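S.K.: Each chain is listed here by its residues.
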Amino acid sequence: MDLGLLAAQVFNGLVYSSILFLVSSGLTLIYGIMNVLNLAHGSLYMLGAYLGITVVVYALGGTPLAYLVAFLVVPPAVGLVGAVLERTLIRRTYPMGEEYQLLLTFGLILVFDDLVKMIWGAAYINFPDPNSFLGGLRFGVYTLPLYHVILILLGFSVFFGLWAFFGRTFTGKVMRAAAMDREVVEAMGIDVNRVFVSSFFLGSLLSGLGGISAGPLYTASPGMGTDIIVYSFAVIVIGGMGSIGGAMAGSLIVGVLRSLAISFYPQLEIVIVFVIMAAVLLVKPTGLFGRPEFERR
Amino acid sequence: MGAVEGEREEMLRTEGVKKHFGSVRAVDGVSMRVERGEIVSLVGPNGAGKTTLLNLISGLIRPDSGRIYFLGRDVTGMRPSQLVRMGMARCFQISNVFENLTVLENLLAAVHSIEGSISPLRRYDEEEAVEKAVRVLREFGLDGKAHLTPKELSHGDRKLLDVAIAYALRPKMILLDEPTAAMSVGEKRTTVGVIKKLRDQLGVTVLLVEHDLDVVYEVSDRIIVMHQGTVLAEGRPEEVRENPKVREVYLG
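Protein sequence lines correspond, in order, to chains A and B. Residues in the first sequence are numbered from 99 upward in steps of one, following this note's numbering. Residues in the second sequence are numbered from 803 upward in steps of one, following this note's numbering.
For the record, the hints were derived by calculation from the structure and aren't laboratory data. Hints may contain errors.
What the hints assert, rightly or not - Computed list of lysine to aspartate or glutamate pairs in EDC-like fashion (alpha-carbon distance at most 16 Å, straight line):
1. A:Lys271 x B:Asp1023
2. A:Lys271 x B:Asp830
3. B:Lys999 x B:Glu941
4. B:Lys974 x B:Asp830
5. B:Lys820 x B:Asp830
6. B:Lys990 x B:Glu954
7. B:Lys953 x B:Glu901
8. B:Lys999 x B:Asp1023
9. B:Lys934 x B:Glu901
10. A:Lys271 x B:Glu941
11. B:Lys947 x B:Glu901
12. A:Lys271 x B:Glu812
Claimed, not checked - Just so you have them, the derived chain A footprint on chain B, three or more residues with Cβ under 8 Å:
13. 905 to 914
14. 935 to 945
None of these values were measured; they are calculated from a predicted model. The C-beta atom is built at its ideal place from N, Cα and C for all residues, glycine as well.
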C-alpha cells in the first residue's frame, strides 16, 4: 500500500470528520438539552451552504474577503432560522410526543428542499475554490491545500470552544442543567423557554457553519441536507446521543474510515459507517461516550 | 410573632381568580391576601382547589380570569422563573431536585442560578458560592449530608432539601405544597420547626397547602378554608376551629 495515498486519504477523512463534527455536535446538543431529534438539522446545513454561495458569489463577487464575511454572517443567520423554527413550530410538538416531532421535522426537510430549488434552482452550484487564493502548505513533497487545513483546525477549535462553553460559562451550565431536569431549572428562576431557543440557535448555527464550510468542497445541491443528516445520525449514535465528546469521536471514526473505504474499496463507502454503528451498539448500546455531558435521570 | 397589628404590608393578593378545567370549576373566583411576615395555610377537603390555586399563584398555569398581585405588582400570567426572580419560591408536592447531583451541588445550582448573570459568559466565584450554599445547608440542618445524593436522603430530609433550595433562591415568600405529606411524626415536628424558622428567623413569608390540621393550627397566623373552588372561611386558627361551616365541610 502506498503510504502517501494512505496519508492523503486520512487527511481528506479528517476534513470530512471536521464537517461531520460541526453538524453532528449541533444535532447532539439539541437532542441532549431538549430531547428533540431535529431531522431538518441537515436542511440547515444545506441552507448554510446556499446562503454562503449567495454571500460569496452573488453579493460579493467571490473575493477572499467575501469568504471571510460569509463565515461571519451565515452561521448566525442559520442559527436565527433554527431559533425561529423552534419558537414557531417545533415547540408546539413538545406536549404531543416524539412521533409528531419526527413528522414535523421530516416535513421541514421537504419544505426546505423545495424552497432551495425555488430560490437557487435544482442545479449544483460551485463555489470558487478558496484554495486558489489561499494556496497550500508544503510538507516535503506534499502540498496540503490550506482551506482543508483550516477546516480541520476549525473542527477542533469548535470542539474545545463547546467544551469550555458547557464547562465554564453560566449559560452553558444552565443548558446542561436544563438537560437534566427542566422543571427544577424553571423552579430555580431560569426561563427554560430561553434556554430552548438558545440551544436551538447554537445547534443550528453549528449546522450552518458546517454547511458553509462544506460548500466549497462538495458544491451546493438540494439533496445535500439528507446526505449529511444520515451520517450525522450514525456519528451521534456511535459517539453516544447528547455527548459532544462522543460527536467528536464518532466524527473522526466515520470521517476517516469512510474516506479510506472510498479509496481502497469504494463499494464499502456507506456500508462501513453502519457496520461500525452496529458494532458499537452491540458492545455498548449507549454509544462510546454514553452521556457524560448530558446526564438524564 | 409574625404580622404585627397596625403595620400590615401586603405580600400577595388575588382578586376573583378563576380556573376551570372543562366543566370542573377548580378555582372559582378566589380573592385572598397574604401579609408580609405571615404564615398562611390553605386547607380544605380534597378537590377544593388548593393546589390549583397554588399553581396559579406560582405561575405554573394561567387563570381564566382574575388578577394576581405580588409585592404590589400585577403578576398575572408571568412565568414561574420570573416570579422566582421577584422573590416567590415554591416547593412542589413531589420534591423537585437534581437527582444526580449531591445535596451541596443542588444548593450551588440554586445559588448560581439566582445570582444569575448580566453577561451570560461571566465566570463566577466558586468559593463564595460554596460558602453561601453551606450556610443555607446549616440553617436547615443538612450540612452533615452535603455529599449525599437526594436518593440517599430520608423522605423528610428530601423535603428539607427542597425547602433549603427554595430558600437559597433568596425569596421573600415561599409556597409550600403539602410539606408534611407522608412524613413520620418526628419529621413533621422538624418541618413545623423549619416553617416557623422561615418566618421568625429568616424573614420569609409562607403560604402553604396542608392536610394535617395539627400542623396547620400550630404554625398558622391565618387559615384560609377552601371548598369547591371558593373561599369558605378565613381567620385565625381559633376562629376557624370554631366556625360551624368549616366543621360541616370537614365532618359532613
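S.K.: Which numbered hints are broken by the structure, listed smallest first?
M.R.: Violated hints: 1, 2, 4, 6, 9, 10, 12 and 14; rest satisfied.
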